[in-house]
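Trainee: So the protein lines, in turn, are chains A and B.
Here numbering that gives the first Met the number 0 is used: the first sequence runs in plain steps of one and ends on residue 279.
Here numbering that gives the first Met the number 0 is used: the second sequence runs in plain steps of one and ends on residue 266.
Source of the hints: derived by calculation from the structure; they are not laboratory data.
Glycine included, every Cβ here is placed at the ideal spot set by N, Cα and C.
A few of these clues could be false.
When the alpha-carbon atoms are kept at most 25 Å apart in a straight line, the in silico SDA-like pairs for lysine to any residue are as follows [to be verified]:
#1 B/K62 / B/Q80
#2 B/K143 / A/A223
#3 B/K62 / A/W90
#4 B/K62 / A/A171
#5 B/K43 / B/E170
Partial pick of chain A residues on the chain B-facing surface, computed with a CB cut under 10 Å [claimed, not checked]:
#6 R40
#7 L158
#8 S220
#9 A223
#10 L226
Next come the chains, spelled out residue by residue.
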Amino acid sequence: MGEFFHALSDPDLGFLRNALLLGMIGSIPLGAVGTFVVARRISYLAAAIAHSVLGGIGAVLYAREVLGWAWLHPMLGALLAALLSAGVIGWVSLRSKQREDAVIGAIWVTGMAIGLLFIARTPGYIDPMAYLFGDILLVTTADLWIAGGVGALVAGILLLWHRQIVAVCFDAEFAVIRGVPADGIYLLLLLLTALTVVTLVSLVGIVLVIALLTLPPAIASLRARSLGQMLMASIVLTGGFVFFGLGFSYSLNFPTGPSIILLAALVYLLANAGNRLLRR
Amino acid sequence: MSESAHSDCGCQTHEGEPVVCFEGVSFSYGNNLVVEDADFDIFKGESVCVVGPNGGGKSTLLKLMLGLLRPDRGQVRLFGQSTKRGRARVGYVPQQIEFDPLFPVSALDVALMGRLRQGSFGFVSKADRAAAQQALEKMGLAGKSREPFASLSGGQRQAVLIARALVAKAELLLLDEPTAHVDVAAEERLMAGLKALGSELTIITVSHDLAFVSRAVPKVVCVNRRVHVHPTAKLTEERIRELYGHEVRMVQHGHEHLDSRGGHRHG
Numbered sequence: 000m001g002e003f004f005h006a007l008s009d010p011d012l013g014f015l016r017n018a019l020l021l022g023m024i025g026s027i028p029l030g031a032v033g034t035f036v037v038a039r040r041i042s043y044l045a046a047a048i049a050h051s052v053l054g055g056i057g058a059v060l061y062a063r064e065v066l067g068w069a070w071l072h073p074m075l076g077a078l079l080a081a082l083l084s085a086g087v088i089g090w091v092s093l094r095s096k097q098r099e100d101a102v103i104g105a106i107w108v109t110g111m112a113i114g115l116l117f118i119a120r121t122p123g124y125i126d127p128m129a130y131l132f133g134d135i136l137l138v139t140t141a142d143l144w145i146a147g148g149v150g151a152l153v154a155g156i157l158l159l160w161h162r163q164i165v166a167v168c169f170d171a172e173f174a175v176i177r178g179v180p181a182d183g184i185y186l187l188l189l190l191l192t193a194l195t196v197v198t199l200v201s202l203v204g205i206v207l208v209i210a211l212l213t214l215p216p217a218i219a220s221l222r223a224r225s226l227g228q229m230l231m232a233s234i235v236l237t238g239g240f241v242f243f244g245l246g247f248s249y250s251l252n253f254p255t256g257p258s259i260i261l262l263a264a265l266v267y268l269l270a271n272a273g274n275r276l277l278r279r
Numbered sequence: 000m001s002e003s004a005h006s007d008c009g010c011q012t013h014e015g016e017p018v019v020c021f022e023g024v025s026f027s028y029g030n031n032l033v034v035e036d037a038d039f040d041i042f043k044g045e046s047v048c049v050v051g052p053n054g055g056g057k058s059t060l061l062k063l064m065l066g067l068l069r070p071d072r073g074q075v076r077l078f079g080q081s082t083k084r085g086r087a088r089v090g091y092v093p094q095q096i097e098f099d100p101l102f103p104v105s106a107l108d109v110a111l112m113g114r115l116r117q118g119s120f121g122f123v124s125k126a127d128r129a130a131a132q133q134a135l136e137k138m139g140l141a142g143k144s145r146e147p148f149a150s151l152s153g154g155q156r157q158a159v160l161i162a163r164a165l166v167a168k169a170e171l172l173l174l175d176e177p178t179a180h181v182d183v184a185a186e187e188r189l190m191a192g193l194k195a196l197g198s199e200l201t202i203i204t205v206s207h208d209l210a211f212v213s214r215a216v217p218k219v220v221c222v223n224r225r226v227h228v229h230p231t232a233k234l235t236e237e238r239i240r241e242l243y244g245h246e247v248r249m250v251q252h253g254h255e256h257l258d259s260r261g262g263h264r265h266g
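Next comes chain A alone, as it looks inside the complex (with noise of 0.2 Å):
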């Protein structure tokens, strides 16, 4: 870990401090909204729109090579698409009753083959593997600015919100009654779902996004006797799986996302059996 914070003041390895940078401020929201995306269960609706995500990033690819749009930002097409797939998603989740999962399900792979069909068709090699698992050089000051602007708009929303949204996933019959609109927060938590899973693409890819949001807080869980801890008690281990992931990706030269999310299930599977062993 020496040769690490040596390199973060190397002046020539810039991308290593953006990717820190971005995995300290993006840990915010991921912390946050990934408590109650735990709370509620609705991992499965959150992996569903991230992978869809890659549907905007091949469109936006395709644009900027094909129509010359070259001012756009693969992480607006991002953004565009994971907002688009949570209102499906939360659309068909509240009304149809049945079938929930199949159309969750095809939402996911459709995202994914149309960010796949727009890559094959956008001239240049670009290797989608960099964008399902993340990769360090694809960083930007944008990335970190997105990522700010995210974490700002969900801490004032929870601020003005939490205890609806946690009366919502407590609840929601009894929020309903007591004059919350449960659907319309059930909403805002899918579309702040999507805002965040985006933050951390660029540094640990679409497929592996899901397991920083999730983890953590499952990993606080464990312990938490209130929502406020856990919540900052996710934040925390999210922001600390960035740093030393980053960390022993650079001492050990491993690829950063998988090295991140590695630690975050190491980590995790150690809570579970250490809280085993308290319990006994």
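Dock chain B against the given chain A, drawing on the hints supplied.
Mentor: Using the frame of chain A, we list chain B on its own:
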């Protein structure tokens, strides 16, 4: 709705506007008619039990009252208003809630949910906290307010849910099978607690326990698709057989208790 329209809907021995008014209400799930042509009023300060076989439409009737379901025909009014407006004055205690045991909310957090209002924000005022604390104390949970909801016993969770309904400053309390998960002693305490809440409060309780009904309330709403309202005294064995469609067995549990087995299911 005009005052004159109200006088048409059923019981006319009471003064003033009914708290709950069903006017020719029918409701079906798909092709399955669950409530047929329900026409009754419940007035301020009344204690009423809703009885009937499983799947007979008891919970559906509560959901219609709360505006969670919309009638196919007829209309339901709460305090002379639409159910959507009137339900702000209702405290609802569900039978049990499905919740994630890892969802870390305390008893106080749950009770505070009763203080949510339309258009309110996420901040908890001192008054909210005091009201929630007081409701928990009233339900015998003074020392448990910081405990995780999941770690409480079934009876204690029920008490928290009742506290949550009470802090809403409810004028109408709807309880769905409040004695389903508690023992006899807890049931007695619950009924004593409810009676102590005062004569202003209207209480509607769904119950399976006919012995409980005959002790607890003077008026029953019998639901088996059709809805009949009459004094509890008229709930004779013959009437019960008619309602449940079969014999209702007496079971001794140390206290008198009528137990229903089988019965029809309508979804």
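Trainee: Run every hint past the structure and note whether it holds.
Mentor: Verification of the supplied hints:
1. B/K62 / B/Q80: 16 Å, holds
2. B/K143 / A/A223: Holds: B/K143 and A/A223 sit about 17 Å apart, inside 25 Å.
3. B/K62 / A/W90: Holds, at roughly 23 Å.
4. B/K62 / A/A171: 14 Å, holds
5. B/K43 / B/E170: Holds, at roughly 8 Å.
6. R40: 6 Å, holds
7. L158: Cβ of A/L158 sits 6 Å from chain B, so the hint holds.
8. S220: 5 Å, holds
9. A223: 5 Å, holds
10. L226: This interface hint holds because 6 Å falls under the 10 Å limit.
In summary, the structure agrees with every hint in the numbered list given earlier.
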